[in-house]
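Same order as they appear, the protein sequences are chains V and R. The opening position of the first sequence corresponds to residue 1 in UniProt numbering, with each subsequent residue numbered one higher. The opening position of the second sequence corresponds to residue 1 in UniProt numbering, with each subsequent residue numbered one higher.
You may find that some hints are simply not true.
[Stated by the list, open to error] Reference listing, derived: stretches of chain R covered by chain V, where coverage requires no fewer than 3 residues with Cβ under 8 Å from a Cβ of chain V:
| # | stretch |
| --- | --- |
| 1 | 29-42 |
| 2 | 62-74 |
[To be verified] Examples of chain R residues toward chain V, derived with CB under 8 Å:
| # | residue |
| --- | --- |
| 3 | 50 |
| 4 | 173 |
| 5 | 207 |
| 6 | 218 |
Keep in mind the hints are simulated off the structure, nothing from the lab. Note that beta-carbon positions come from the ideal geometry of N, C-alpha and C, so glycine has one too.
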Amino acid sequence: MSKLFSRDIWSEIIEALSSNWFRTLLTAFGVLWGIFILVILLAAGKGLENGVKQGFGGMATNSMFMWTQTASKPYKGLPKGRRYNFKIGDVEAIKQSVPDLRFVSPRNQLGGFRGNNNVVRGLKTGAYNVYGDYPEIIQQQPMDITSGRFINYSDIQDKRKVAVIGESVRKGLYETGEEVIGSYIKINGVNFMVIGTYTKKSQGGGDPEENQKEIYVPFTSFSQAFNMGEIVGWMAITANDGASITELKSRVFDVVKARHSISPDDDRAVGNFDLYQEYSQINGLFVALNFVAYFVGILVLLSGIIGISNIMLIVVKERTKEIGIRRALGATPWEIRSQILLESIFLTIISGMAGIVLASGVLALVNLVLDGMDTSTMMFANPTVNIGVVFIALLILIVSGLLAGLIPAQTAIRVKPVDALRTE
Amino acid sequence: MGSNSLHVLKGINFNVNEGEMVSIMGSSGSGKSTLLNILGMLDEADEGTYTLDGTLIKNLNEKVAAKYRNKFLGFIFQSFNLINYKTALDNVAMPLYYQGVKRNIRMEKAMHYLEKVGLAEWANHHPNELSGGQKQRVAIARSLASDPKVLLADEPTGALDTKTSYEVMELIQGINDEGKTILLVTHEDDIAHMTKRIVNLKDGLIIDDSVVKQVRAKEAKELQMLAKKAANV
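Just chain V, same shape as in the assembly:
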């Protein structure tokens, strides 16, 4: 083994490989291509993953949305098909009886997709979603405040009629350059003062344009202004980082059911959308995608390795005479075998490294191009592979180089010096 690092061995190997440049390059290309494909595939998978996860817009993924449906079972003398509403008291009750919940935000809503014009400012009108919200919502559905501020608890307590509007709302109701903060808009006939503007990233693949067409007002002022009373339209609930909302949600439902006289067995009375479950499904998809990338990449690499093995066989055949001479001059079978093996490993590793470098170059180029673009709507961002993957690839290369050389090396030592020297 100590001889492995001697200069002589390596100069022998390099001499042998450089004696036929064209063939060596052609052989090396097989492995280069294989590892290139492997790295690019893995990076593309990662890029897609980054893009889709970016699509969640930094939303708290450990969240669910919960709304009321109709009771599907009769209970306590009440008929099935009964409608009910969440009440503001439910929020506190849920917080009390289910620990590990980070936020329980009650929400109310006006307008909606293709709703009628509900907002007026001077001569301009528009149809926008209007939400009554608590300040926590900004942590569950992140948005960038571009001017002014978001709703705070003073607004909630004093029931101030203030509004935070999306950038599209501003474009719809204001002239360019017009002062927005401090102006008034009329929502369903009630005046609200604009205190801030925001932009929001696309969420879970939703329409980013539609996301900017929203108006946020304090929950309490919303209830009063639009006569909601105690009613809560729906809730956004986020669990603590250590806990999973998917596991906690049934307990939340139990609280709601108990407070609204709904059968504990009634699974259809409370509707919900579990973001965490969706998120884990998407995560699962990427695990599968990664597996496919490895599978395909390694198969391509394998064909490159078979190429090396094949060429090494030819090389051995071609060098039969040389091997015979070496044997006659006193080379032991082990020396012959190790030379062929090392040549194969060396070729594999060098070409593999070249492949990795080439792939990194291409990725760097792609990243450079992507950096200049807005990737938020492209579902593709920052394609990379981490250094661990590169090491795995190198390990695969060393092992495969060894495997590729094994058969040719065995063939080489089976060459009898007499026969080798006789070939003319």
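Given chain V, work out where chain R should sit, using these hints.
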């Protein structure tokens, strides 16, 4: 080998003493190459014994055979058998490489032997840049590099013209003069007469084994040149 064996050598018994120069002659199929291969440990006899410098050569595994070949024997072939992608110097240094000699010592020794065959200034040339005679000289230098006991030459002049043949023989004779034992296979009479003893093989048997008066290659060359001149006049 196979189940049906072909007896090439059918009982050969002969001794070569240290410092002798023996040529083995015979028509093709007489078994002279087989004999040389056995002597060179490239092949093994089915029966009989072979003792080299007091060591019985029998049932060798490849590793030991390689070691013995390296230590005891130097080969000179008809087709030179140089490695084409190595320089003359590297070719000569090869047996030393397999002996595990350090690089700088190896190169020094190889250079010494190249000087001995008169090719010092060709050290960094590749075999395809050399003439046939020069290639054979490199091969001779290579066979000497490991300082073996015996040189085995298989038709060393087979691929060379007469003049070059005589030059190569002159070199080989010089090596013999220094005390190396040399066995040489040839089918050319004039070459055989440049050795000191001729063993004639036929159908695997020795039919004649006689000491001859050695013709010095240098004289033969001069004689030939004179004859050529005479023919031209």
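Verification of the hints:
1. 29-42: holds (count 3)
2. 62-74: n = 7 at 8 Å, threshold three: holds.
3. 50: At 15 Å from the nearest chain V Cβ, residue 50(R) fails the 8 Å test, so the hint is violated.
4. 173: Residue 173(R) check fails; min Cβ-Cβ to chain V is 23 Å, beyond 8 Å.
5. 207: violated (25 Å)
6. 218: violated (30 Å)
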